[in-house]
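With the hints as your guide, set chain B onto chain F.
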Amino acid sequence: NAGVTQTPKFQVLKTGQSMTLQCAQDMNHNSMYWYRQDPGMGLRLIYYSASEGTTDKGEVPNGYNVSRLNKREFSLRLESAAPSQTSVYFCASSFSGRKNEQYFGPGTRLTVT
Amino acid sequence: GQSLEQPSEVTAVEGAIVQINCTYQTSGFYGLSWYQQHDGGAPTFLSYNGLDGLEETGRFSSFLSRSDSYGYLLLQELQMKDSASYFCAVVNYGGSQGNLIFGKGTKLSVKP
Numbered sequence: 463n464a465g466v467t468q469t470p471k472f473q474v475l476k477t478g479q480s481m482t483l484q485c486a487q488d489m490n491h492n493s494m495y496w497y498r499q500d501p502g503m504g505l506r507l508i509y510y511s512a513s514e515g516t517t518d519k520g521e522v523p524n525g526y527n528v529s530r531l532n533k534r535e536f537s538l539r540l541e542s543a544a545p546s547q548t549s550v551y552f553c554a555s556s557f558s559g560r561k562n563e564q565y566f567g568p569g570t571r572l573t574v575t
Numbered sequence: 191g192q193s194l195e196q197p198s199e200v201t202a203v204e205g206a207i208v209q210i211n212c213t214y215q216t217s218g219f220y221g222l223s224w225y226q227q228h229d230g231g232a233p234t235f236l237s238y239n240g241l242d243g244l245e246e247t248g249r250f251s252s253f254l255s256r257s258d259s260y261g262y263l264l265l266q267e268l269q270m271k272d273s274a275s276y277f278c279a280v281v282n283y284g285g286s287q288g289n290l291i292f293g294k295g296t297k298l299s300v301k302p
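These protein sequence lines are chains F and B, in that order.
For the numbering used here, count along the first sequence from 1 and bump the result up by 462.
For the numbering used here, count along the second sequence from 1 and bump the result up by 190.
Label-pair restraints from in silico Cβ distances:
# : chain 1 : residue 1 : chain 2 : residue 2 : range
1 : F       : Ser546    : B       : Thr247    : 32 to 40 Å
2 : F       : Asn527    : B       : Thr201    : 41 to 49 Å
3 : B       : Thr201    : F       : Phe472    : 25 to 33 Å
In the BS3-like style, the derived pairs of lysine-lysine whose C-alpha atoms are separated by at most 30 Å in a straight line are:
#  : chain 1 : residue 1 : chain 2 : residue 2
4  : F       : Lys471    : F       : Lys561
5  : F       : Lys561    : F       : Lys533
6  : F       : Lys519    : F       : Lys471
7  : B       : Lys301    : B       : Lys271
8  : F       : Lys471    : F       : Lys533
9  : B       : Lys297    : B       : Lys271
10 : F       : Lys561    : B       : Lys271
11 : F       : Lys519    : F       : Lys476
12 : B       : Lys294    : F       : Lys561
13 : B       : Lys271    : F       : Lys471
14 : F       : Lys471    : B       : Lys294
15 : B       : Lys294    : F       : Lys519
16 : B       : Lys271    : B       : Lys294
17 : B       : Lys297    : F       : Lys561
18 : F       : Lys476    : B       : Lys294
19 : F       : Lys519    : B       : Lys297
20 : F       : Lys561    : F       : Lys519
21 : F       : Lys533    : F       : Lys519
22 : F       : Lys471    : B       : Lys297
In silico contact screen, one side only, chain F against chain B (beta carbon under 10 Å); selected entries:
#  : residue
23 : Val466
24 : Ser493
25 : Met503
26 : Arg506
27 : Tyr510
28 : Gly520
29 : Phe552
30 : Lys561
31 : Tyr565
32 : Phe566
33 : Pro568
Hints are computed from structural coordinates only; laboratory data are not their basis.
If you're wondering where the values come from, they're calculated on a predicted model, not measured in any experiment.
The beta-carbon is built from N, C-alpha and C at its ideal position, and this holds for glycine as well.
Next up, chain F with everything else stripped away, as it sits in the complex:
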């Protein structure tokens, strides 16, 4: 079991460029999430998908789009990158349920210049 995998691990973009961050999980989880983590800010939810075919906005969705491609895969797209989107991006997954124990991928370190 690989758990939650993310690609790429590192990326540098110029302002205005676009890119897609990929995430996949092999734990048969229903729910998947995208977070960003900035120094001193904790983890903030960008988008989530409660089940295949559904997506919802989190706390900081502006500037991002997501696609739940199938049960395993959940991608995050930056259409026109801005320096404010420089961050570490984590994908996570979980079974549905009260505890909502989430399993995180290794992260993507994105710099926008």
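Just chain B now, kept in the frame of chain F:
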């Protein structure tokens, strides 16, 4: 609004006990979770409290008081490898999905 407060930094010595407090203000509260994150790594789940009281998992314990909107993580017999950031997270239900709202984290430094 929704908010969580936890200390930004804590320092302790190897072998000691440390308590990291978390107070929260939120609607749709289901429970309180704790995650550990080493520098450069991903967060990993430590514990969950859905009911008032103490949950123990090895050297780590977590406590919740719903009436006080307060919880803590207790780490005993501290080891150098416990140096990490610790996040409390409210399990919050809005609509059909439970999500996590994270605090800003407490950086624990364990000294020899």
